[in-house]
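Protein chains in written order, with my numbering: chain A, 1 to 265; chain B, 1 to 265; chain C, 1 to 265; chain D, 1 to 265.
Don't read these hints as lab results, they were simulated from the structure. Errors might be hidden in some of the hints.
No distinction is drawn between identical chains; accordingly, a pair holds when it is met within one copy or between any pair of copies.
[To be verified] Straight-line alpha carbon distances no greater than 30 Å define the calculated DSSO-like cross-link-like pairs of lysine-lysine that follow:
id	residue 1	residue 2
1	K45	K70
2	K259	K45
3	K27	K259
4	K45	K134
5	K242	K70
6	K242	K259
7	K45	K27
Number of protein chains: 4
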Amino acid sequence: RLPFSLIAGPCQLESRDHALECAAAIKEIAGGLGIPVVFKASFDKANRTSISATRGVGLREALPVFAEIKESLGLPTLTDIHNADQCAPVAEVVDVLQIPAFLCRQTDLLVAAARTGAVINVKKGQFLAPWDMKNVLGKVVESGNPNVLLTERGASFGYNTLVSDMRALPIMAETGAPVVFDATHSVQQPGGLGTSSGGDRRMVAVLSRAAVAVGVAGLFMETHPDPDNTTSSDGPNMIPLKDLPALLAQLTALDRVIKTAPEAP
Amino acid sequence: RLPFSLIAGPCQLESRDHALECAAAIKEIAGGLGIPVVFKASFDKANRTSISATRGVGLREALPVFAEIKESLGLPTLTDIHNADQCAPVAEVVDVLQIPAFLCRQTDLLVAAARTGAVINVKKGQFLAPWDMKNVLGKVVESGNPNVLLTERGASFGYNTLVSDMRALPIMAETGAPVVFDATHSVQQPGGLGTSSGGDRRMVAVLSRAAVAVGVAGLFMETHPDPDNTTSSDGPNMIPLKDLPALLAQLTALDRVIKTAPEAP
Amino acid sequence: RLPFSLIAGPCQLESRDHALECAAAIKEIAGGLGIPVVFKASFDKANRTSISATRGVGLREALPVFAEIKESLGLPTLTDIHNADQCAPVAEVVDVLQIPAFLCRQTDLLVAAARTGAVINVKKGQFLAPWDMKNVLGKVVESGNPNVLLTERGASFGYNTLVSDMRALPIMAETGAPVVFDATHSVQQPGGLGTSSGGDRRMVAVLSRAAVAVGVAGLFMETHPDPDNTTSSDGPNMIPLKDLPALLAQLTALDRVIKTAPEAP
Amino acid sequence: RLPFSLIAGPCQLESRDHALECAAAIKEIAGGLGIPVVFKASFDKANRTSISATRGVGLREALPVFAEIKESLGLPTLTDIHNADQCAPVAEVVDVLQIPAFLCRQTDLLVAAARTGAVINVKKGQFLAPWDMKNVLGKVVESGNPNVLLTERGASFGYNTLVSDMRALPIMAETGAPVVFDATHSVQQPGGLGTSSGGDRRMVAVLSRAAVAVGVAGLFMETHPDPDNTTSSDGPNMIPLKDLPALLAQLTALDRVIKTAPEAP
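Generate the whole structure from the sequences, applying the supplied hints.
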């Protein structure tokens, strides 16, 4: 019944300056509302729709930036990893290793991530039922790491569409793991733009409100100073930094209602 | 930005005494929280899974009960109609005519209901996209009746399962019609018990919280003094009357946050 | 293991001359291939997407046309009915009463249709699992009429899309009822054109081939001399009469392989 | 318009003797029907539902077996790879590198596989629309390898269920790549047994017939002498070797109808 934490940042780590600017802005906005923050950015987009899409700055360039954000701003950091070899070096710098949804059943990756001792955030595959995540969780826990977050980010619903089943949140919470709602990938339209994924940013606030009212341990949100002018894959989903304060204020108010009221039936 | 109204009652109008008992209890619970109430009950279950399931007391027996509830308790009433002939006699007594989800595209039924001048509540078909409801709404409005509610009650998601897409609420609201969330039918597992529909009552609170936090004009909820001992079709979904006060208290608190705060982006 | 029958005709009964022309053409094409034919046309489109869409010539005008087709061409006929009152008068003239997919759980309609003694063709609702059709079948059979066809016409798959699950054909056949595949409605994109349904006619041959190879008692196909210039609702799905001979020739060849070969495991 | 090829073998490479026995049996069965065969087995099950499930003999032990099958039986071989490092050593022995469905968007894996020059078989992700596979294909082709097969193996349909959309076959064929239908994974019930995937073997023949009648370049089928007594993941789906002859005989007869007849519209 703790207030929710916020995992936020730009989709891609575009540059040192850009990442620091985003991290500082998020820290200030969330700090004013008493929301704990984990800074998120990707150093590599390993599964973009098209081969000609921008991949990212890479592991070598990204790690010092994460280190700097942690040191200068005091924020814990999160990034996603794509193969077992990346786990150990990333975990030396980054606090939370994230397993992408497509890879959530890759045993070797889960085990390698688990063994670093870092916190592991596993995104639920679009192709999985919420109750199937207990097996995914088991792969990490049985590798000796009990510090696992499970993240809902939508389920396949016909073609090029995801639907957020809010029942998934309490179902996954029954495992005992803290549950996070990814509010920006949930509004993706996978492959919806032909050679990239579309999205409907207006629905981020809608789904965030729903998830917080259901009850979550964390919210995941990609945000950017100028999401309509970026080559990163989630431009259509990310919310502008300037919209974050009003949205978070409303979400914390909802969170307080849910977590302070006597438990409803 | 008005507080939500509550459409509530037992699935079936089981008897005069039962209906009056339910209506009085709901009135007292909701009244204490300042929630406007419409009493709901069905006089006929016209599309049950199996032919041997209980149908209901019928139109003739039900209408005086609705009249008595309205007169003695001062509650407006709602019931569902299944063919065009029922519209006029029902509308003489009942305030809101409800079009069942399976029938939401039956032009003759919509037009006959519209012409009574009663308020019309159309449930969105499990097979329809939320944006398709503007055409359904058009059938009623173009028949001269602008008093229409649109109700979300889940979309088909694989077999024997519904999913509640919370994006449907703002999408339907763009039509200008008040949008209602049906929290008990949304947790149905259609046909899930072989010869009747199953359901997961524990999810009623979950989905209600989500819908209220997204923003609705109304909540629809079937409730019963003893839902596990009834022959009506929605036993597995209805929430016990005794659980209603705590749930509604939480929902009104969420509603207040959403509707009094400055509009989020 | 009989060869498949063909239920075919235009979506709407547009006029006497048009219906007779279609029926004669279908009879000649199918007759040359030894395929038994049932002529299909609708006298009323009772659930079109938009209220301003063309409804049809109506019951009174249509019945003599069905009678004439039966008498002059010797073809049995099929039409869809939408309320219980229509069943008896239609059954005096028409051989097969068809229950529309949206209405496949309306008990009164099923019972009224059953009691006429006509053959009943029930289309599986887009919202039903194939195994749920045994309950629908039971409503007709327990009303004293064992002559029931069950028709697959696609299941809801996300928004504005249907998918044809070929497993539905043998699952429904386990009931003992002859199973029909509706090859033209299965390619509908419900509501896909905003105020009318879209479709992808190129997929009619694809899905027909699949269904026949799986094994069906009947094929349902809407066909028209000029489907791109008609106001009836299934223009985008209907196949041009001129394409029917080649398609049926291929389908009968597939049917022969399946039904004459020793049964595969 | 060539006859279909068959990719077949046990789910897992259980042992040298088991693999050779399977390969010899498949060769004899398919050879008698004139069907070209590619032998398939997995050396590692990298994404099983539960961490305690059997993984496989591993790369080192498997490669000599593939080599022996190729040399002694003259069969080309196929296996699935899970990370970029495996591509080069596997391609030295195995003819076709298969990209698992969950990994079909992992750019590095696709590029590494492509660069070996081997034939690449990419399974369509359960979360992808068929038209999205042109981007996946592009990742391989633009890496210099035009020899790509695309395999349909079902799309997510609600929870724990796949549906085979037969329209996917011609849609993927529009890319120009040969299209394969995976008849045994398509009947999987992912996660359906709690800690492993279920399946419905009876539907293998149903879906195979449908796919062949639609038109495919290849069929993929897991088969085993005794599928109900194996620890490999696809026991519930694999078809017994003894059922293969009758099934393949029927499928070749269907294939001949489709590929020799004049093209239908």
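Have a look at K45 and K27 and pick one of within, between, both or neither, based on CA distance no larger than 30 Å.
Within one copy only: 24 Å inside, 42 Å across.
Checking an output row: K45 and K134, CA cutoff 30 Å. Within, between, both or neither?
Both ways: K45 and K134 sit 27 Å apart in one copy and 19 Å across, limit 30 Å.
Have a look at K259 and K45 and pick one of within, between, both or neither, based on CA distance no larger than 30 Å.
neither (36 Å within a copy, 39 Å between copies)
Can you give me the call for K27 and K259, within, between, both or neither, at a CA distance of at most 30 Å?
both (23 Å within a copy, 27 Å between copies)
Intra/inter-copy verdict for K45 and K70 if alpha-carbon distance must be at most 30 Å:
within (22 Å within a copy, 38 Å between copies)
Please work out whether the CA atoms of K242 and K259 approach to 30 Å or closer within one copy, between two copies, in both situations, or in neither?
both (27 Å within a copy, 22 Å between copies)
Intra- versus inter-subunit Cα pairing at 30 Å for K242 with K70:
So K242 and K70 pass the 30 Å test inside one copy only (23 Å; across, 50 Å).
Hint compliance for this structure: hint 2 alone is broken.
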